[in-house]
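Take a look at the letters that make up each chain.
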Amino acid sequence: MTNEQPIATGVPAEVIAGEIDTLGITHVVCVPDSFQRTLIARWQAGGGPHFVGVCTEDEGMGVNAGLYMGGQNPMMCIQNNGVFASINTLKAIALDAKVPTFIMVGQFQRDVNKTIEEQSSRAVRMLEPTLDSWGVPYWRIENPGDIGVLKIAYERAWADKGPAVVIIGAPTL
Amino acid sequence: MERQEAIDILAEGRHGAISVPTMQSVFPWHEAGQGDMLNVDASQCMGSASTIGLGLALAQPSRKVMVLDGDGSLLMQLGSLVTVAAAKVNNFYHFVFANGLNQSTGNQPLPGQGMFDWVALATASGYKHALRIEDAEDLLEQLPSIWKLEGPVLIELSIAREEGPARWAGVPMAKQVASVREQLAAS
Numbered sequence: 751m752t753n754e755q756p757i758a759t760g761v762p763a764e765v766i767a768g769e770i771d772t773l774g775i776t777h778v779v780c781v782p783d784s785f786q787r788t789l790i791a792r793w794q795a796g797g798g799p800h801f802v803g804v805c806t807e808d809e810g811m812g813v814n815a816g817l818y819m820g821g822q823n824p825m826m827c828i829q830n831n832g833v834f835a836s837i838n839t840l841k842a843i844a845l846d847a848k849v850p851t852f853i854m855v856g857q858f859q860r861d862v863n864k865t866i867e868e869q870s871s872r873a874v875r876m877l878e879p880t881l882d883s884w885g886v887p888y889w890r891i892e893n894p895g896d897i898g899v900l901k902i903a904y905e906r907a908w909a910d911k912g913p914a915v916v917i918i919g920a921p922t923l
Numbered sequence: 046m047e048r049q050e051a052i053d054i055l056a057e058g059r060h061g062a063i064s065v066p067t068m069q070s071v072f073p074w075h076e077a078g079q080g081d082m083l084n085v086d087a088s089q090c091m092g093s094a095s096t097i098g099l100g101l102a103l104a105q106p107s108r109k110v111m112v113l114d115g116d117g118s119l120l121m122q123l124g125s126l127v128t129v130a131a132a133k134v135n136n137f138y139h140f141v142f143a144n145g146l147n148q149s150t151g152n153q154p155l156p157g158q159g160m161f162d163w164v165a166l167a168t169a170s171g172y173k174h175a176l177r178i179e180d181a182e183d184l185l186e187q188l189p190s191i192w193k194l195e196g197p198v199l200i201e202l203s204i205a206r207e208e209g210p211a212r213w214a215g216v217p218m219a220k221q222v223a224s225v226r227e228q229l230a231a232s
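Residue numbers (the numbering used here), protein chains in the order written: chain A, 751 to 923; chain B, 46 to 232.
Source of the hints: derived by calculation from the structure; they are not laboratory data.
None of these values were measured; they are calculated from a predicted model.
Misleading hints may appear alongside valid ones.
The calculated SDA-like cross-link candidates involving lysine to any residue, where the alpha carbons are at most 25 Å apart (straight line), are [as the list claims (entries may be wrong)]:
| no. | chain 1 | residue 1 | chain 2 | residue 2 |
| --- | --- | --- | --- | --- |
| 1 | A | Lys-911 | B | Gln-89 |
| 2 | A | Lys-911 | B | Leu-229 |
| 3 | A | Lys-841 | A | Arg-890 |
| 4 | A | Lys-911 | B | Ala-219 |
| 5 | B | Lys-109 | A | Gly-803 |
| 6 | A | Lys-911 | B | Glu-227 |
| 7 | A | Lys-848 | B | Leu-229 |
| 8 | A | Lys-848 | B | Ala-219 |
| 9 | A | Lys-841 | B | Gly-80 |
| 10 | B | Lys-220 | A | Ala-909 |
| 11 | A | Lys-911 | B | Gly-215 |
| 12 | B | Lys-220 | A | Asn-838 |
| 13 | A | Lys-901 | B | Arg-226 |
| 14 | B | Lys-109 | A | Cys-805 |
| 15 | B | Lys-220 | A | Leu-845 |
| 16 | A | Lys-841 | B | Ala-214 |
| 17 | A | Lys-848 | B | Ala-62 |
| 18 | A | Lys-841 | B | Ser-224 |
| 19 | A | Lys-841 | B | Met-121 |
| 20 | A | Lys-848 | B | Pro-217 |
| 21 | B | Lys-109 | A | Asn-823 |
| 22 | A | Lys-848 | B | Gln-89 |
| 23 | B | Lys-220 | A | Gln-822 |
| 24 | A | Lys-841 | B | Gly-124 |
| 25 | B | Lys-133 | A | Ala-791 |
| 26 | A | Lys-841 | B | Glu-227 |
| 27 | A | Lys-841 | B | Val-216 |
So the derived list for chain B, only partly shown, Cβ under 7 Å to chain A, looks like this [said to hold, decoys possible]:
| no. | residue |
| --- | --- |
| 28 | Thr-96 |
| 29 | Gly-100 |
| 30 | Leu-101 |
| 31 | Ala-104 |
| 32 | Gly-124 |
| 33 | Ser-125 |
| 34 | Met-218 |
| 35 | Val-222 |
| 36 | Arg-226 |
| 37 | Leu-229 |
| 38 | Ala-230 |
All residues carry an ideal CB built from backbone N, CA and C; glycine is no exception.
Bound conformation, chain A alone:
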């Protein structure tokens, strides 16, 4: 028997969705992520931002940019592997073309009982160093008390006209 306590605990989807609503988000551009499964289901059920499903994260960066140019207030919802898959469009669109790109990234395969540094998954361990290497600011949601970072990251994306990431460290509830 172990007394191991989780380091990261999930946040109810309703809580995150409510916070996103307060930011005035008009569209969620999404490639599915298991850590945000309940949140995605909440958005797909309707009543909140328009849900735009895309096939890849590269596509998501383009759609996000087009929506922004068209006067909308979009965001993206992806997983850690999607960040690695879309570095070229992150570079060209979010960074170089100066498009506010607010992204929630699920830490797919993260063991919630271990710190990030202790993770066996390379994808989990390398997400933050990858963002660091591109100068992309990020914040962690490890527990419900971290919900305020959504607003901070969103405002940073618009202030910088660039990417800002919130990392979801445990499956949403």
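Starting from the structure of chain A, add chain B where the hints point.
What follows is chain B alone, placed relative to chain A:
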């Protein structure tokens, strides 16, 4: 048809559509005077023209959006055909300049050139309409009726091989992004 012929016809028949050219269509599009008004070049992100256009089409449903894509570019984000179709954007017009080559990098043949079919791919992906136009006269004749079709529409343009170095307009995408957003906000 020659690329320049197609560009000139589309420029003449644009009628205020938002435009998203990419790769070797960018320079002649600018040369044809289309670079300043409601235009953003999909630069440094080969393959992204279709999805940038999709975002614009979703954001501005009362305006037509024309994407001037390349066949090599579209192959890089081929799944975007399905994404566009799923979004049911009836104001989306996808012109694919098809020369069977990666022209910007030295006219290397595309993988599978001659084995795939853009019209079939678009139709199978769920586009409302898809057609192939072989020559400039047909494009000139058909363009008015294309604009009347409900989107998404894919128009494959058969483009002749061009020689010579790649040409670039060199306008920073950031400047265009800001300009398009301002123009649309003011309109």
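Okay, the hints, checked on the actual structure:
1. A:Lys-911 with B:Gln-89: holds, 18 Å
2. A:Lys-911 with B:Leu-229: holds, 18 Å
3. A:Lys-841 with A:Arg-890: The hint holds at about 22 Å.
4. A:Lys-911 with B:Ala-219: holds, 10 Å
5. B:Lys-109 with A:Gly-803: holds, 21 Å
6. A:Lys-911 with B:Glu-227: Roughly 14 Å separates the two Cα atoms, so the pair holds.
7. A:Lys-848 with B:Leu-229: holds, 17 Å
8. A:Lys-848 with B:Ala-219: holds, 5 Å
9. A:Lys-841 with B:Gly-80: Given pair A:Lys-841, B:Gly-80 holds - Cα atoms ~23 Å apart, limit 25 Å.
10. B:Lys-220 with A:Ala-909: holds, 16 Å
11. A:Lys-911 with B:Gly-215: It holds: about 21 Å lies between the C-alpha atoms, which stays within 25 Å.
12. B:Lys-220 with A:Asn-838: It holds: about 19 Å lies between the C-alpha atoms, which stays within 25 Å.
13. A:Lys-901 with B:Arg-226: Between A:Lys-901 and B:Arg-226 the Cα gap is close to 23 Å, so the pair holds against 25 Å.
14. B:Lys-109 with A:Cys-805: Holds, at about 23 Å.
15. B:Lys-220 with A:Leu-845: holds, 13 Å
16. A:Lys-841 with B:Ala-214: holds, 19 Å
17. A:Lys-848 with B:Ala-62: holds, 23 Å
18. A:Lys-841 with B:Ser-224: Holds. A:Lys-841 to B:Ser-224 sits at ~20 Å (cutoff 25 Å).
19. A:Lys-841 with B:Met-121: holds, 16 Å
20. A:Lys-848 with B:Pro-217: holds, 10 Å
21. B:Lys-109 with A:Asn-823: holds, 20 Å
22. A:Lys-848 with B:Gln-89: Distance ~13 Å between A:Lys-848 and B:Gln-89 Cα, so the pair holds.
23. B:Lys-220 with A:Gln-822: holds, 18 Å
24. A:Lys-841 with B:Gly-124: This hinted pair holds, its Cα atoms lying about 21 Å apart.
25. B:Lys-133 with A:Ala-791: Judged against 25 Å, a Cα distance of about 21 Å means the pair holds.
26. A:Lys-841 with B:Glu-227: holds, 23 Å
27. A:Lys-841 with B:Val-216: holds, 17 Å
28. Thr-96: holds, 3 Å
29. Gly-100: holds, 2 Å
30. Leu-101: holds, 4 Å
31. Ala-104: holds, 2 Å
32. Gly-124: With a closest approach of 3 Å, the B:Gly-124 hint holds.
33. Ser-125: Constraint on B:Ser-125 satisfied, holds at 5 Å.
34. Met-218: holds, 4 Å
35. Val-222: Holds, because the Cβ-Cβ distance from B:Val-222 to chain A comes to roughly 5 Å (cut-off 7 Å).
36. Arg-226: holds, 5 Å
37. Leu-229: holds, 6 Å
38. Ala-230: holds, 6 Å
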